[in-house]
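K.L.:
Residue numbers (UniProt numbering), protein chains in the order written: chain A, 1 to 641; chain B, 1 to 265.
If you're looking for bench data, these hints aren't it; they were derived computationally from the structure.
Virtual Cβ for every residue (Gly too), placed ideally from N, Cα, C.
Treat each hint with caution, since some may be false.
Stated by the list, open to error - These stretches of chain B come out as covered by chain A in the derived footprint (C-beta under 8 Å, 3 or more residues):
id: 1; stretch: 145-156
id: 2; stretch: 217-225
As the list claims (entries may be wrong) - Cβ-to-Cβ under 8 Å is the rule here; a few derived chain A residues that face chain B:
id: 3; residue: P103
id: 4; residue: L258
id: 5; residue: V262
As the list claims (entries may be wrong) - Listed next, the in silico DMTMM-like pairs over lysine to aspartate or glutamate satisfying Cα-Cα at most 25 Å (straight line):
id: 6; chain 1: A; residue 1: K342; chain 2: B; residue 2: E116
id: 7; chain 1: A; residue 1: K412; chain 2: A; residue 2: D449
id: 8; chain 1: A; residue 1: K16; chain 2: B; residue 2: E129
id: 9; chain 1: A; residue 1: K476; chain 2: A; residue 2: E541
id: 10; chain 1: A; residue 1: K304; chain 2: B; residue 2: D31
id: 11; chain 1: A; residue 1: K16; chain 2: B; residue 2: D223
id: 12; chain 1: B; residue 1: K155; chain 2: A; residue 2: D83
id: 13; chain 1: A; residue 1: K86; chain 2: A; residue 2: D532
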Amino acid sequence: MPVESVFPRLEPLLPKVQKPIQYVGGELNSTVKDWDAAAVRWALMYPDAYEVGLPNQGVMILYEVLNEVADVLAERTYAVWGDMEKLMREHSVPQFTVDAHRPVGAFDVFGVSFSTELGYTNLLNALDLSGIPLEAKDRGLDDPIVLIGGHASFNPEPIADFIDAAVVGDGEQAVLQITDVIRAWKAEGRPGGRDELLFRLAVTGGVYVPRFYDVDYLEDGRIQRVAPNRSGVPWRVSKHTVMDLDEWPYPKQPLVPLAETVHERMSVEIFRGCTRGCRFCQAGMITRPVRERSITGIGEMVEKGLKATGFEEVGLLSLSSADHTEIAEVAKGLADRYTEDKIGLSLPSTRVDAFNIDLANELTRNGRRSGLTFAPEGGSERMRKVINKMVSEEDLIRTVATAYGNGWRQVKLYFMCGLPTETDEDVLQIAEMAKKVIAKGREVSGSRDIRCTVSIGGFVPKPHTPFQWAPQLDHKTTDERLQKLRDVIRADRQYGKSIGFRYHDGKPGIVEGLLSRGDRRVGKVIRAVWEDGGRFDGWSEHFSYDRWMRCAETALAGDPVDVDWYTTREREWNEVLPWDHLDSGLDKDWLWEDWQDALDEVEVEDCRWTPCFDCGVCPQMDTEIQIGPTGKKLLPLSVVK
Amino acid sequence: MPEGPPPAPAVQKLRLRYAKRGRLRFTSHRDFQRAFERALRRAEVPMAYSAGFTPHPKVSYAGAAPTGVASEAEYLELSVARRCEPAELRALLDTSLPPGLDVLDVVEAAPGNLAERLQASVWEVRLPEVEPETARKAAEAFLAADSVEVERMTKNGLRTFDARAAVAALEAVDRSDDEIDAGHQGVDGSSDRPCAILRLVVRHTTPAVRPDDVLSGLRLVADLAPPVPAAVTRLAQGPLDAETGAVTDPLAPEHAVTSTGNEEL
Numbered sequence: 001m002p003v004e005s006v007f008p009r010l011e012p013l014l015p016k017v018q019k020p021i022q023y024v025g026g027e028l029n030s031t032v033k034d035w036d037a038a039a040v041r042w043a044l045m046y047p048d049a050y051e052v053g054l055p056n057q058g059v060m061i062l063y064e065v066l067n068e069v070a071d072v073l074a075e076r077t078y079a080v081w082g083d084m085e086k087l088m089r090e091h092s093v094p095q096f097t098v099d100a101h102r103p104v105g106a107f108d109v110f111g112v113s114f115s116t117e118l119g120y121t122n123l124l125n126a127l128d129l130s131g132i133p134l135e136a137k138d139r140g141l142d143d144p145i146v147l148i149g150g151h152a153s154f155n156p157e158p159i160a161d162f163i164d165a166a167v168v169g170d171g172e173q174a175v176l177q178i179t180d181v182i183r184a185w186k187a188e189g190r191p192g193g194r195d196e197l198l199f200r201l202a203v204t205g206g207v208y209v210p211r212f213y214d215v216d217y218l219e220d221g222r223i224q225r226v227a228p229n230r231s232g233v234p235w236r237v238s239k240h241t242v243m244d245l246d247e248w249p250y251p252k253q254p255l256v257p258l259a260e261t262v263h264e265r266m267s268v269e270i271f272r273g274c275t276r277g278c279r280f281c282q283a284g285m286i287t288r289p290v291r292e293r294s295i296t297g298i299g300e301m302v303e304k305g306l307k308a309t310g311f312e313e314v315g316l317l318s319l320s321s322a323d324h325t326e327i328a329e330v331a332k333g334l335a336d337r338y339t340e341d342k343i344g345l346s347l348p349s350t351r352v353d354a355f356n357i358d359l360a361n362e363l364t365r366n367g368r369r370s371g372l373t374f375a376p377e378g379g380s381e382r383m384r385k386v387i388n389k390m391v392s393e394e395d396l397i398r399t400v401a402t403a404y405g406n407g408w409r410q411v412k413l414y415f416m417c418g419l420p421t422e423t424d425e426d427v428l429q430i431a432e433m434a435k436k437v438i439a440k441g442r443e444v445s446g447s448r449d450i451r452c453t454v455s456i457g458g459f460v461p462k463p464h465t466p467f468q469w470a471p472q473l474d475h476k477t478t479d480e481r482l483q484k485l486r487d488v489i490r491a492d493r494q495y496g497k498s499i500g501f502r503y504h505d506g507k508p509g510i511v512e513g514l515l516s517r518g519d520r521r522v523g524k525v526i527r528a529v530w531e532d533g534g535r536f537d538g539w540s541e542h543f544s545y546d547r548w549m550r551c552a553e554t555a556l557a558g559d560p561v562d563v564d565w566y567t568t569r570e571r572e573w574n575e576v577l578p579w580d581h582l583d584s585g586l587d588k589d590w591l592w593e594d595w596q597d598a599l600d601e602v603e604v605e606d607c608r609w610t611p612c613f614d615c616g617v618c619p620q621m622d623t624e625i626q627i628g629p630t631g632k633k634l635l636p637l638s639v640v641k
Numbered sequence: 001m002p003e004g005p006p007p008a009p010a011v012q013k014l015r016l017r018y019a020k021r022g023r024l025r026f027t028s029h030r031d032f033q034r035a036f037e038r039a040l041r042r043a044e045v046p047m048a049y050s051a052g053f054t055p056h057p058k059v060s061y062a063g064a065a066p067t068g069v070a071s072e073a074e075y076l077e078l079s080v081a082r083r084c085e086p087a088e089l090r091a092l093l094d095t096s097l098p099p100g101l102d103v104l105d106v107v108e109a110a111p112g113n114l115a116e117r118l119q120a121s122v123w124e125v126r127l128p129e130v131e132p133e134t135a136r137k138a139a140e141a142f143l144a145a146d147s148v149e150v151e152r153m154t155k156n157g158l159r160t161f162d163a164r165a166a167v168a169a170l171e172a173v174d175r176s177d178d179e180i181d182a183g184h185q186g187v188d189g190s191s192d193r194p195c196a197i198l199r200l201v202v203r204h205t206t207p208a209v210r211p212d213d214v215l216s217g218l219r220l221v222a223d224l225a226p227p228v229p230a231a232v233t234r235l236a237q238g239p240l241d242a243e244t245g246a247v248t249d250p251l252a253p254e255h256a257v258t259s260t261g262n263e264e265l
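Please work from the sequences and hints to get the whole structure.
P.N.:
Below, the structure written as structure tokens:
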């Protein structure tokens, strides 16, 4: 059955909205395939505005992987802004894809990628605009399977009522396996309806279908147990792990938008996973083990990607890019190849050590040396032991001295506030560190024209980390602590003016905490907030703490739990956590030991250069560390001009 | 100071006409600039660059059509560090840009300033669900007025200015099949509904008078209130012939050179 484009109905609305280009598609390297020739059709969504969602690597990779299959079609959709939403509702225009402007409700799968929980209200809005029933139990045979992925899907319980299924871990192979199941089920004439399809997905062991699990609660509000409610459904759902990144060189043809977006560069993921062991870092815990892309694989992706896009910047992505075993050779090789072509190179997420200054120098051979960013995360030595961020103050001062000595004018330092066991004194140490940085900077540069910017985010405990049991700091104490720090910095006559201070208030962190460690009962809160007009919660101008608290109070009135219970409460060893049945490979006992080590200020090494410390992932998931060096080099590409 | 050799000097200046069609008429001018500079990189055009810390390819854009307005006649100039064959460059850049941003013509620049030649534009304004007769009467009323003060929201707040003086011609034209409507498939695709078409010639003045401003004027003088947003296309821009009122080809000097076969210039 042909599906009509909604574009003729959308077009008259476009002159009335802000930045209409975000709704028209037509990006370079986008794909429109024949609807009727496709056996399985995916609508992929990044649940934020187009300018944030388009550059998302996850969606871009899956879009390309799926479209490469002859009988599979994938299109993209993003959250629409309020002005467009209003017009769409007035004119009955449904949520549409930007590729061929097809209604999302017509697809087989509606796949949504969550890198943050703050996109949940946007999911509800997109479902509603699509005409898909909000709750999975109300959906019929022709409604798409609502499937989520991304880091937030490691605890999908708060949105369990609204989704049909969740994939945990790497998506490249998983989407193809799911496609196979759907293709077969459709070819057989959709036997057993929606329920049968979801069952077939669930028995693979790699797709979580919330409706096949019952949650029982204790009287005090804690979970008693989570158990499958039909035979054949596994007790635990395993994460997916792609084992050879060189076999998955995606995106090969990155999308190039016409509209301006938050990242406009050719991004190459140089490795996946991180075993540094920072205890606050969910990404580092759930993406183990480390799997490197080879230096030659990186070189090829950059070369092909630049040709396909015309981008003027290359970003080398990973959780800690300087940790690639051949990063120096990669940086030098790319700089040799592309400096003359005026291609910029960037390396986000770097460690605090002098080696990184050499790297940064290499990446800016011809450019301006404006700012370098480091993340000590904790202000005091004690705090850094608690979070297992092994950087001594000496290291940091030595590093910044090298940076200022090499002509860098500004150093940015990232910290967190509200870490477990933290006191005012720990946070005030940040000021001391910043002062020492400026003092050293003035000394080595011989100039007073240098700056240090301190940037602070609130810590939110996350599932599948050693801090999953930790109490979150309430927003009032967070704000008071940051206020004290600001006052101390401002009051310093000698250095205060050279120190910039940026921080966020503690309120959004509480909502993020509620959604991160929530269970199925939190779904009522999300729905109430959406019904009350909540959208785009990741944007400070749209986020309303008061709305969340008001809706939570009403929605949870009949339950023995509230927002504090989910956020500032410390959990015991024996508590069943809402995400225990989702297997990230991490051994829960190991996580608990690591939590106890944190409280004892004991550090843990990185298993890439020390013996295994039994986090559990490799044996549980049948994976292993994949790192170089390969010993290969990036050779110059160009023939004589 | 930046290290390395100074940028290669420009050896050739080219002038380019392009169209903004269909859904890509919603591309803003900034969006187009980014897309065009990326297309230059993909096509490996040997661009000349400006000097300085952040060298930019030498491209200069002339009076772009507003976002949402389609155009058959946008112009820009670019300078290259190695000579290029204009016809080849046209084909190369057209392939490199997404369909809907179409490169129509590339010529080597003849002497004279291009921006100065762009004195006026011909606009076509389609008004779906408006009776042609209603539009005709509104146009007459507009032309009969000495001045038509309209308001527009600008970055500096609400501005009031005359939309009448800049309008050199304004007429309701009959619908015909051979008109360019590549910019607006879908808007007025069904022929059973009325659709008035206005054709106007507007001088490039300061402040600029846009088709939107003329529409505001039509609403003021004749209460013309289209129920559906107008679909606007710039059909041409160039020198305004004072006698005939026609807008002529701004690349006429370049085309004259090409047609006489004088390749050395």
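K.L.:
Mind checking the alpha carbons of A:K342 and B:E116 for me, to see if they're no more than 25 Å apart?
P.N.:
Between A:K342 and B:E116 the Cα gap is close to 33 Å, so the pair fails against 25 Å, i.e. violated.
K.L.:
Verify the proposed pairing of B:K155 with A:D83, using a straight-line Cα cut of 25 Å.
P.N.:
Roughly 20 Å between the alpha carbons, so the hint for B:K155 and A:D83 holds.
K.L.:
So, A:L258 near chain B? Judge it on the closest CB pair being under 8 Å.
P.N.:
holds, 5 Å
K.L.:
Does A:D532 sit within 25 Å of A:K86, going by the straight-line distance between their CA atoms?
P.N.:
It holds: about 15 Å lies between the C-alpha atoms, which stays within 25 Å.
K.L.:
Taking the least C-beta to C-beta distance, is A:P103 closer than 8 Å to chain B?
P.N.:
Nearest chain B Cβ about 16 Å off; hint violated.
K.L.:
Hinted pair, alpha-carbon criterion (25 Å max): A:K16, B:D223. Please report holds or violated.
P.N.:
holds, 21 Å
K.L.:
Holds or violated: A:K16 with B:E129, Cα cutoff 25 Å?
P.N.:
holds, 18 Å
K.L.:
Does A:D449 lie within 25 Å of A:K412 when you go C-alpha to C-alpha?
P.N.:
holds, 15 Å
K.L.:
When you check the alpha-carbon spacing of A:K476 and A:E541, does it fall within 25 Å?
P.N.:
holds, 20 Å
K.L.:
Hint check: is the beta carbon of A:V262 less than 8 Å from a beta carbon of chain B?
P.N.:
violated, 14 Å
K.L.:
Tell me if the straight-line CA distance from A:K304 to B:D31 falls inside 25 Å.
P.N.:
holds, 24 Å
K.L.:
How about the stretch 145-156 of chain B: do at least three of its residues have a C-beta closer than 8 Å to a C-beta of chain A?
P.N.:
Answer violated; 0 residues pass the 8 Å Cβ test.
In this structure, the earlier hints numbered 1, 2, 3, 5 and 6 are contradicted, and the remaining ones agree with it.
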